Amino acid sequence: MSLPTILTGGLDRESSWRLADYERRGGYQALRAIFSRPLSPDDVIAEVKKSSLRGRGGAGFPTGLKWSFMPRNLPGEKYLICNSDEGEPGTFKDRDILRWNPHAVIEGMIIGGYATGATRGYNYIHGEIFEVYERFEQALEEARVAGYLGKNILGSEFSFELFAHHGYGAYICGEETALLESIEGKKGQPRYKPPFPASFGLYGRPTTINNTETFANIPWIIGNGGDRFLEMGKANNGGTKIFSVSGHVNRPGNYEIPLGTPFVKLLEMAGGMRAGRKLKACIPGGSSMPVLPGDVMMNCDMDYDSIAKAGSALGSGAVIIMDETTCMVRALERLSYFYFEESCGQCTPCREGTGWLYRVVHRIEHGQGRQSDLDLLTSVADNIAGRTICALGDAAALPVKSFIQHFRDEFAYHIDNRRCLVPVEMQREGSRIYVGEPW
Amino acid sequence: MVEVEIDGKKVEVAEGSTVLKAAQELGIFVPHFCYHKKLSIAANCRMCLVQVEKAPKPAPACATPVAPGMKVWTHSEQAVRAQKGVMEFLLINHPLDCPICDQGGECQLQDLAVGYGNSASRYQEEKRVVLNKNLGPLISTDMTRCIHCTRCVRFGQEIAGIMELGVAGRGEHSEILTFMGRAVSSELSGNVIDLCPVGALTSKPFRFAARTWELARRRTVSPHDSLGATLIAQVKGDEVVRVLPLENEEVNECWIADRDRFSYEALRQPHRLNAPMLKQNGAWTEVDWQTALEYVAHAFRDIAAEHGKDALGFVASPHSTLEELYLMQRLARGLGSENIDFRLRQSDFSLDGVRSGVPWLGMNIAEISRLDGALVIGSFLRKDHPLLCQRLRQIAKRGARITAVHAAQDDWLLPVETFMKVAPSAFPVALLEILKAVCSTTGASPDTQFAAYLESLPVSDEARRIAESLCSARNGALLLGNFAQHHPDAGLLHSLALEIARCAGQLRVGILGEAANSVGGYVAGACPSPGSGGRNARMLWEDPCRAYLLLNAEPRFDCADPAQALSALSNAEHVVVLTPFVGEHGDYADCLLPIAPFTETSGSFVNTEGRVQSFRPVAQALAQSRPGWKVLRVLGNLLSLPEFEFESSEQIRDSLVAGRDVTAQLSNDMGRVDWTMPSAPPGLERVSDIPIYRTDAVVRRASALQACRDGTDPVLRIHPATASEVGLSNKGRARVKQGGAATELSVQLDEGVARGCVRIAAACEASSSLGPMFGPVTVEAC
Amino acid sequence: MLSPEALRRIDTEIAKYPADQKQSAVMAALAIAQQEKGWLAEDTMAFVADYLGMPQVAVLEVATFYNMYDLSPVGKSKLTICTGLPCALSGADEAADHLREKLGVGFSEVTADGSFMLKEGECMGACGDAPVLLVNNRRMCVRMNKERIDALLDELNS
Ligand SMILES: Cc1cc2nc3c(=O)[nH]c(=O)nc-3n(C[C@H](O)[C@H](O)[C@H](O)COP(=O)(O)O)c2cc1C
Ligand code: SF4
Ligand code: FES
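Chains as they are written, first to last, in my numbering: chain R, 1 to 439; chain Z, 1001 to 1782; chain C, 2001 to 2158.
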């Protein structure tokens, strides 16, 4: 049985990024419908609310509600931002959406601009995916030429400009206010909230920020109705979701499934575990979310509420699969290094604490650990979490706490024996890739 | 108003206030580092975390707005746990080198660590080391101690108006630095030393001079510009080793300029005159006070007897104290001379006898912060008045419209909406244009004497824009700067400013006083009485005296026309100098009397808003120095002048201002004068600024300041177009002539200089052999 | 300082933002300058600052905050290999070892002949194609096992 899709179905990946192909698939019909039916901005927001679409950027905030915060009638510039700064380890869905279906994002943003009263939009694209950025620029040009962007779109009263902004290597710019700072030509350092972007955003003007995947769903919702979207998933978890599956599976990649689909189904779609090995652990929502032991995961459904109940979060939908060849100390070392490297450095707990966490985990991994380190790590993580401007502090703390919580014995073994529970050769063997070509 | 409860106590605060503000209102201390009341809120140190009812996480008090009914605990278990956690993080990479740190004893980190730190560190990893930076002669760095509060960076961006410091790098690798390791150049840079809560940025001249607990802290007043910044002098033994701002919201807020902070270095050896000196047969010998004073008394009495009382001239620096200025004029008048002045760089005295009172700022300093528009006329604003400029910067940020008329456009680091750049001789015409545009907007009719000039006068776009911004101001002002006061048509400019203000409606006119006692000099009566025929600061040199008394003045640098002043002095029979310093008067003086500088005497400065600020000595007088007022009093006694029995400087002050409201004497109004418009001189005109570290005898000797970029020798600045007309090229050398005087300078092309002008700083070695600060000059390439 | 072509591209970027927000183009301007000059020298950053009317130290802040700017020479080809957890689970360690061995340099070092610099990268948003390697910030190479690394090096060497 093949599962229904919204964003990835019917894409040939060759020409599907082109405007003509998108239009052939029914693209820009939702936008046309807004003007022909016509739908007021309030109608659009109501439809999005009905769909129960939750932001796909990580926090899962209801999109319709967010849009309703914009002071739509305030005179002057207002902005709409698409967050394509995907850089959370394990997350790579926005890249594929932009590669193969960029016009869905553009159309979604135009509709979003209409609904929120925005006059201008920017899509902030992750630095390392330059080819995707270039393609998006081309798609924008196609849309401009076709009259979907610019002044008086499709002959309506509505005007909206959209541009691409290319990041240059800073994970923190995925945080929405850091992203705004970055567009303003500054270091990407998150802002303290309040004020929230809806009142004080880009250049101090009202601004709405959504994830790429969130926008990409909008045309479908407007075209097919919020009810149908909601029905595809389950209550409070409307629609389908793209899951980025990486790690020890046979076919890593993006898989779009209705929210609420069992994890095992997703695992099966990703080709199952490599060499038939056993699932040891899984991070179900991107590296910032708590890790779950394999057996917990195997009984979980893939939706916001189920995963929260299991003790983690769906986050950005990045599913990192780890089999028995994984050393959990080494894995945590990698993650801690990431947050240490990517801390923007303004908040004391994050700037100082991420380095501390990394150094202690690094020490344990290299046979210099002490038993007291495990409580120390948990305590330092506690001193970071919830005490910083942005959620990177929590993101750095949660993996540490959950790894130690679920795999404490393995850490203890490592400290006592000054080496991995899993021999290094076995780790290497487990991580060997079998397929040389992308599919 | 919003009512909140903090630690069980209720308080009402304005809507939009932060929790930290509300706590301060209640006298509750919330620990903090990055928060500073004058800077934007960064909320990055996280030290101020407090518990808020129903909030799942602790909130930063500095950034959390109050909400009605909010309950906050600053010392609950949750709050203290969070604060201690932050303190631990701050200390893990900190060197904990308090015993060798200049901040030791006055360090916010050290203070808070005692309350919130743990005795033993749980951090066993290697500590971070950050390379030190060279920020120039004033600020010393120890960057490993930095806690990344970014106060110094925000200060540059927000207060000084120039972003010189930044945070490079990311995360743990973040460091404070300048671009390409350059020295900082802001004239307010030293404030970052006070702002830095740890010992990362400290005073370079002070470095290792003392530990804070060895220092006495004594209040005093800055002797430099007319703001009268209040200071704390820190004294070890009898030496001032550091100067800090004394917070005074109405005057200097919590800032001081680098000039106020670092000029104390001049007060030490080898700059000081240690004993009275007499020149006999061309050689200087030390004498005792009695001998010296008797010599002076005799000399003055003899000259007066032989050549008449009019042969005596009395010249004071406006940086002298009120009491010195007063006794000097009493001495002069006691001897029958009206040849007295302190306005040494002025050249036009046409308002003497016409003005209705003492020229002043026209408002309180704090009121500047409430202006919504200002036209600044003839001012090197940023360097002449660093902190007033800072106030204008703040109002400009809030939307006040600032415009200017001047002969040289420097970057004031604030948005100047319209800058009308004209040669000095064209200032009156520029103001007439503005007047005409103002009248056509408001329909006011200009005074008849100006109306005649206005009829056929073409009005430039710039003048029109300035007029528009003045007319739209609800609380606007015209401010006349030092340059406008030095200007050969200063009286006319003043009069035109009043006329523009009148015709535009509600505008005020302010005079930005040049020196610490520019107002005080008038209050002390240290200039000729109207109608007395006494010689003013120009006539004193133009029509030389037989004998001069110089009080703190160094004519080579302090006068409108140094060449003329020096020639008068060298031809005089007697020149008596009261000065704290050596090195300036050897050629023409025959008697040098060591008087105490402001740190070693008591006295008063009357600042530009008319505030009388008295101070006590902060240190013992060095060697044989004596307070100037005492020396003048003894001279008065020796000359048997009546009513010269003053026991203290307070007595002098009180006899002058006690019971009398100084502000009642202040007025920028004037009686009627009939002006004729000056004509432009042929050829090039000189434009002179007084560089910020050349203004007075003290600052000129301050070595660290002299080592700054603002202390470098002046160049000849000229507009590229004018330069090519006269054959000068960038970086070339030029020969400059003014009357009989001449010098050579290197050339710098500068689009900021008005066409037809050459800008040559005055009060500098390189230009001290030249003539007047204004007027025609000739230049040629050499 | 920069070629007319580079300036034209920078101007195109400036035009994306409101007229009083030139500074928004600083990331793009630095990227364009770096592409032309190979790396960002101090005078290049000073030029960009003046071109956009920004304080120079603010440009330095940006150039040192984002990973992909290089403030020292990087050789002809900069190879940035992602060593994040998902890549590591799919052979990044082996790929990194192989690169170090073949190039004879460690991370952040340039080969003696100046042709390669090896850099350790963080998540590039392409973990499904792990291990991921980026050539000169622009070209993304995926599933970099030993064979594909060898082929890439041959191609870049020729
Ligand atoms: C450290 C950090 C990194 C983030 N990275 C991303 C990201 O790469 N992409 C993204 O869409 N949201 C990211 N977010 C979440 C955004 O701040 C924001 O919530 C999101 O873009 C909102 O879009 P949505 O409502 O459509 O989910 C990040 C948040 C944090 C704290
Ligand atoms: S938590 Fe870390 S990344 Fe987030 S703002 Fe603070 S220092 Fe920057
Ligand atoms: S004082 Fe509030 S976070 Fe620094």
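Simulated from the structure, these hints should not be mistaken for laboratory data. Treat the hints loosely; a few may be bogus.
Straight-line alpha carbon distances no greater than 25 Å define the calculated SDA-like cross-link-like pairs of lysine to any residue that follow [unchecked claim]:
#1 C:Lys-2146 with R:Asp-12
#2 Z:Lys-1737 with Z:Gly-1727
#3 R:Lys-186 with C:Cys-2141
#4 R:Lys-186 with C:Lys-2146
#5 C:Lys-2022 with Z:Gly-1727
#6 C:Lys-2037 with Z:Gly-1169
#7 R:Lys-265 with R:Glu-425
#8 R:Lys-193 with Z:Gly-1727
From the derived model, a few chain R residues whose C-beta atoms are all more than 10 Å from chain C [to be verified]:
#9 Thr-91
#10 Arg-95
#11 His-165
#12 Arg-228
#13 Gly-247
#14 Val-264
#15 Pro-293
#16 Arg-330
#17 Cys-420
None of the values given here were measured: they were computed from a predicted structure. A virtual CB, placed ideally from N, CA and C, is assigned to each residue, including glycine.
Evaluation of the provided hints:
A distance of roughly 30 Å separates the Cα atoms of C:Lys-2146 and R:Asp-12; the hinted pair therefore is violated under the 25 Å criterion. Under the criterion of a C-alpha separation no larger than 25 Å, the hint pairing Z:Lys-1737 with Z:Gly-1727 is consistent with the structure, at around 15 Å. Note on R:Lys-186 and C:Cys-2141: the hinted pairing is violated, with a Cα-Cα distance of about 30 Å set against a maximum of 25 Å. The hinted pair formed by R:Lys-186 and C:Lys-2146 fails the criterion: a straight-line CA distance of about 39 Å is larger than 25 Å.
Proposed proximity of C:Lys-2022 and Z:Gly-1727 is contradicted: the alpha carbons are some 38 Å apart, above 25 Å. A threshold of 25 Å between alpha carbons decides the hint, and for C:Lys-2037 with Z:Gly-1169 the separation of about 21 Å falls inside it, so the pair holds. Proposed proximity of R:Lys-265 and R:Glu-425 is contradicted: the alpha carbons are some 31 Å apart, above 25 Å. Between R:Lys-193 and Z:Gly-1727, the direct Cα distance comes to roughly 60 Å. Violation of the 25 Å bound is thereby established for this hinted pair.
Not every C-beta of chain C lies more than 10 Å from that of R:Thr-91, the closest at about 7 Å, which undercuts listing it as non-interface. A Cβ of chain C approaches the Cβ of R:Arg-95 within 10 Å, the least distance being about 5 Å, so the stated non-interface status is violated. At roughly 7 Å, the least C-beta separation between R:His-165 and chain C is not larger than 10 Å, which violates its mark as non-interface. Once the 10 Å rule is applied to beta carbons, R:Arg-228 is consistent with being away from chain C; the minimum gap is 29 Å.
Taking the minimum C-beta to C-beta distance to chain C, about 4 Å, the non-interface status of R:Gly-247 is violated against the 10 Å cut. Residue-level check passed: R:Val-264 sits 19 Å from the nearest beta carbon of chain C, beyond 10 Å. The beta carbon of R:Pro-293 is kept farther than 10 Å from every beta carbon of chain C, the shortest such distance being approximately 17 Å. For R:Arg-330, the requirement that its beta carbon stay farther than 10 Å from each beta carbon of chain C is not met, with the minimum near 8 Å.
Non-interface status of R:Cys-420 relative to chain C is upheld: no Cβ of that chain comes within 10 Å, the nearest being about 13 Å off.
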